[in-house]
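2 protein chains.
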Amino acid sequence: MDEFDIISRLFGPLASHDAARSLADDAAVFDVPAGYHGVVSTDALVSGVHFPADASGDIVAQRALGCALSDLAAMGATPAGCLLTLGIGPSWDEPFLTQFSHSFGAGLTAFKVALWGGDTVYAPTPFVSICVHGVGEAAKVISRAGARSGDAVFVSGVIGDGYLGLKDYQNQETSADMTAYISPQPQLELGQVLAGVASACIDISDGLAADLDHICHASGVSMHIDAAAVPLSAAGHAFANNQTALATLLTSGDDYQLAFCVPPNDVVRVDAIARDTGVRITRIGTVIAPVSGGFTAHLLDDAGDEMTLANRGYRHF
Amino acid sequence: MDEFDIISRLFGPLASHDAARSLADDAAVFDVPAGYHGVVSTDALVSGVHFPADASGDIVAQRALGCALSDLAAMGATPAGCLLTLGIGPSWDEPFLTQFSHSFGAGLTAFKVALWGGDTVYAPTPFVSICVHGVGEAAKVISRAGARSGDAVFVSGVIGDGYLGLKDYQNQETSADMTAYISPQPQLELGQVLAGVASACIDISDGLAADLDHICHASGVSMHIDAAAVPLSAAGHAFANNQTALATLLTSGDDYQLAFCVPPNDVVRVDAIARDTGVRITRIGTVIAPVSGGFTAHLLDDAGDEMTLANRGYRHF
Numbered sequence: 036m037d038e039f040d041i042i043s044r045l046f047g048p049l050a051s052h053d054a055a056r057s058l059a060d061d062a063a064v065f066d067v068p069a070g071y072h073g074v075v076s077t078d079a080l081v082s083g084v085h086f087p088a089d090a091s092g093d094i095v096a097q098r099a100l101g102c103a104l105s106d107l108a109a110m111g112a113t114p115a116g117c118l119l120t121l122g123i124g125p126s127w128d129e130p131f132l133t134q135f136s137h138s139f140g141a142g143l144t145a146f147k148v149a150l151w152g153g154d155t156v157y158a159p160t161p162f163v164s165i166c167v168h169g170v171g172e173a174a175k176v177i178s179r180a181g182a183r184s185g186d187a188v189f190v191s192g193v194i195g196d197g198y199l200g201l202k203d204y205q206n207q208e209t210s211a212d213m214t215a216y217i218s219p220q221p222q223l224e225l226g227q228v229l230a231g232v233a234s235a236c237i238d239i240s241d242g243l244a245a246d247l248d249h250i251c252h253a254s255g256v257s258m259h260i261d262a263a264a265v266p267l268s269a270a271g272h273a274f275a276n277n278q279t280a281l282a283t284l285l286t287s288g289d290d291y292q293l294a295f296c297v298p299p300n301d302v303v304r305v306d307a308i309a310r311d312t313g314v315r316i317t318r319i320g321t322v323i324a325p326v327s328g329g330f331t332a333h334l335l336d337d338a339g340d341e342m343t344l345a346n347r348g349y350r351h352f
Numbered sequence: 036m037d038e039f040d041i042i043s044r045l046f047g048p049l050a051s052h053d054a055a056r057s058l059a060d061d062a063a064v065f066d067v068p069a070g071y072h073g074v075v076s077t078d079a080l081v082s083g084v085h086f087p088a089d090a091s092g093d094i095v096a097q098r099a100l101g102c103a104l105s106d107l108a109a110m111g112a113t114p115a116g117c118l119l120t121l122g123i124g125p126s127w128d129e130p131f132l133t134q135f136s137h138s139f140g141a142g143l144t145a146f147k148v149a150l151w152g153g154d155t156v157y158a159p160t161p162f163v164s165i166c167v168h169g170v171g172e173a174a175k176v177i178s179r180a181g182a183r184s185g186d187a188v189f190v191s192g193v194i195g196d197g198y199l200g201l202k203d204y205q206n207q208e209t210s211a212d213m214t215a216y217i218s219p220q221p222q223l224e225l226g227q228v229l230a231g232v233a234s235a236c237i238d239i240s241d242g243l244a245a246d247l248d249h250i251c252h253a254s255g256v257s258m259h260i261d262a263a264a265v266p267l268s269a270a271g272h273a274f275a276n277n278q279t280a281l282a283t284l285l286t287s288g289d290d291y292q293l294a295f296c297v298p299p300n301d302v303v304r305v306d307a308i309a310r311d312t313g314v315r316i317t318r319i320g321t322v323i324a325p326v327s328g329g330f331t332a333h334l335l336d337d338a339g340d341e342m343t344l345a346n347r348g349y350r351h352f
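So the sequences go chain by chain: F and A. So that you can map any letter, position 155 of the first sequence is 190 in my numbering, and since no number is skipped, the others follow by simple counting. So that you can map any letter, position 287 of the second sequence is 322 in my numbering, and since no number is skipped, the others follow by simple counting.
What the hints contain is simulated information worked out from the structure, not anything from laboratory work. These numbers were taken from a predicted model, which means no experiment stands behind them. Mixed in with the good hints, there may be bad ones.
Given that identical chains are not distinguished, each listed pair holds provided it fits within a single copy or across any two copies.
Claimed, not checked - Below, computed lysine to any residue pairings styled on SDA-like, alpha-carbon distance capped at 25 Å: (1) Lys-175 <-> Ser-57; (2) Lys-175 <-> Met-213; (3) Lys-175 <-> Asp-66; (4) Lys-202 <-> Ser-327; (5) Lys-147 <-> Glu-208; (6) Lys-147 <-> Thr-279; (7) Lys-175 <-> Thr-343; (8) Lys-175 <-> Glu-129; (9) Lys-202 <-> Phe-330; (10) Lys-147 <-> Tyr-71; (11) Lys-147 <-> Ala-230; (12) Lys-175 <-> Arg-318; (13) Lys-202 <-> Pro-325; (14) Lys-175 <-> Ala-307; (15) Lys-175 <-> Ala-69; (16) Lys-175 <-> Gly-70; (17) Lys-202 <-> Ala-69; (18) Lys-202 <-> Val-156; (19) Lys-175 <-> Val-305.
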């Protein structure tokens, strides 16, 4: 298949939205309704770096779309459309691309996102880059910068299953927590409900500690996090039987859960949000004034001492 | 430099627009004015494929931004912001990235585009992907699909200098036409003036023949193109001293000029457009009804016979 076959046979059928202009134009054309902001984010995943070089088309599609949409979830935005860039290398043959396009199409349907366009190029090391567009009510788009001392810190779902899932995947073991790695589920509905409630929000992609630090930096605050309060799955509890193992789960990323802060007066609303969305929400700490000028999430053990962390999260290089 | 150094030291200073939120959020936030459409396109360039692996940061930045903006020019859109994705490999060291960021920043200023955000990842084969956003008056955004039989076909600037520039660059010869390759200038102002006048438009990235074919396909028409009328530079004329060499220039791409169609009644307006924008505009042919069901631009020689073309343009694979 050449470039035009791939586009017309595999991706053309997915691009039925008007904005895509049948993938026949230089650019996609879209609207943002009055009273809303456009929200846009882009995420690139590289073969052998962000997924194993022999990962199937399914897994690459599900991870790429899930990770990209997770950024919209953290902003409280509702997805609208996306642009898909494929850097196709020698190992991405027709069966791979066919599987990729089927999984990608299923994801578009599940998350109600239109394929607006993209680019298809040759690349010796394959990669996929997805630029996702959404909209958010102008007054309610969430940022990382609004956390204030005294706010409560919450996290959705469980933490660490992204790491355990990758490990199981690499060991070719099938497990329930593998889903968190193979097919990350962006917390879109939760993010949308948090818009107007959360003072700050981020999705856990690099690692809980590193991502909470991002909120601290952007907001000019610090945090006290009760490490024992961080929710783990059964597999997570089994793995985290010592402080070093627990530290690994809290700094490994790939969870695509939301960590968010809520002002004291709104904390009472969180239970109803958990019930309405069906998402587990756990309070893990409190925002405090910056500690000696540093903007850091301090992860505290049961004795109230700061945990020793070999690192705080994934670093690209 | 690690990921965060690169972002904060090299690209943070370029991201001064509100939409970028100081590059501290998961996504950028932007507005589209009432009465306008949002227009978005993305272009990826891979090291060793779309530019030589030893190309300097200058050239990579100028080519990536120029190529991406050229798609907005073809839609008649006015650029607003962009997302920059860098796949940084071992060869992209600090001097390379510093040079890249300076050139990229100069391009943002020259073309009045804000840096809204992006992604920075490790990639064994380096790449750059730029997603550009613009706006266009809702009633005037140009597509490839509006060409009708009888429309005149025009092209801006000269054709073939992208090819000659690449050749000179590869041979380490300095020449005037090298600029077309090293630093493509998107015809943004021309595209904006053509909005509401041109029935169809495309930028010449793959090659004149292949790109005119794209208009033919999208519009359901064919074209007669007078090959001898296609404007060449002095270097282009010197190179095209036989039909095979001329065919090379007409099928090689990287020109980033605009090819566009104008309905018969509006052809009189084109002279004034050329004068007002200072861009050379040349009529090269006429849109005709599809020839025996095919949607093709027929490049005719002086005798009116179809030229022999080894291919019609660049193919990614």
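Hints versus structure:
When the C-alpha separation of Lys-175 and Ser-57 is checked against a cutoff of 25 Å, the pair qualifies only between copies, where the shortest distance is 18 Å, while the shortest distance within a copy is 33 Å. Neither within a single protomer nor between protomers do Lys-175 and Met-213 lie at most 25 Å apart by alpha-carbon distance, with minima of 34 Å and 49 Å respectively. Proximity of Lys-175 to Asp-66 under the C-alpha cut-off of 25 Å is found in both arrangements, the shortest distances being 19 Å within a copy and 14 Å between copies. Taking the shortest Cα distances, Lys-202 and Ser-327 never come within 25 Å of each other, neither inside one copy (38 Å) nor across copies (58 Å).
In the homo-oligomer, the alpha carbons of Lys-147 and Glu-208 never lie at most 25 Å apart, since the shortest distance is 32 Å inside one protomer and 52 Å across protomers. With identical chains, the CA atoms of Lys-147 and Thr-279 are never at most 25 Å apart, being 40 Å at best within one copy and 50 Å at best between copies. In this homomeric assembly, Lys-175 and Thr-343 never come within 25 Å of each other (Cα to Cα): the closest approach is 37 Å inside a single copy and 60 Å across copies. In the homo-oligomer, the alpha carbons of Lys-175 and Glu-129 never lie at most 25 Å apart, since the shortest distance is 43 Å inside one protomer and 39 Å across protomers.
Neither within a single protomer nor between protomers do Lys-202 and Phe-330 lie at most 25 Å apart by alpha-carbon distance, with minima of 31 Å and 52 Å respectively. Proximity of Lys-147 and Tyr-71 under a CA criterion of 25 Å is satisfied in both settings, with 18 Å inside one chain copy and 24 Å between copies. With identical chains, the CA atoms of Lys-147 and Ala-230 are at most 25 Å apart within one copy only, with a shortest distance of 19 Å there and 32 Å across copies. In this assembly of identical chains, the alpha carbons of Lys-175 and Arg-318 lie at most 25 Å apart only when taken from the same copy (22 Å versus 51 Å across copies).
Neither within a single protomer nor between protomers do Lys-202 and Pro-325 lie at most 25 Å apart by alpha-carbon distance, with minima of 36 Å and 57 Å respectively. Taking identical chains as interchangeable, the C-alpha atoms of Lys-175 and Ala-307 lie at most 25 Å apart only when both belong to the same chain, with a minimum of 19 Å there against 47 Å between chains. For a Cα distance limit of 25 Å, the shortest separation of Lys-175 from Ala-69 qualifies both inside one copy, at 14 Å, and across copies, at 20 Å. In this assembly of identical chains, the alpha carbons of Lys-175 and Gly-70 lie at most 25 Å apart whether taken from the same copy (10 Å) or from different copies (23 Å).
Taking identical chains as interchangeable, the C-alpha atoms of Lys-202 and Ala-69 are never at most 25 Å apart, the minima being 46 Å within one chain and 50 Å between chains. Only between protomers do Lys-202 and Val-156 lie at most 25 Å apart by alpha-carbon distance; the minimum there is 21 Å, versus 31 Å within a single protomer. Only within a single protomer do Lys-175 and Val-305 lie at most 25 Å apart by alpha-carbon distance; the minimum there is 17 Å, versus 47 Å between protomers.
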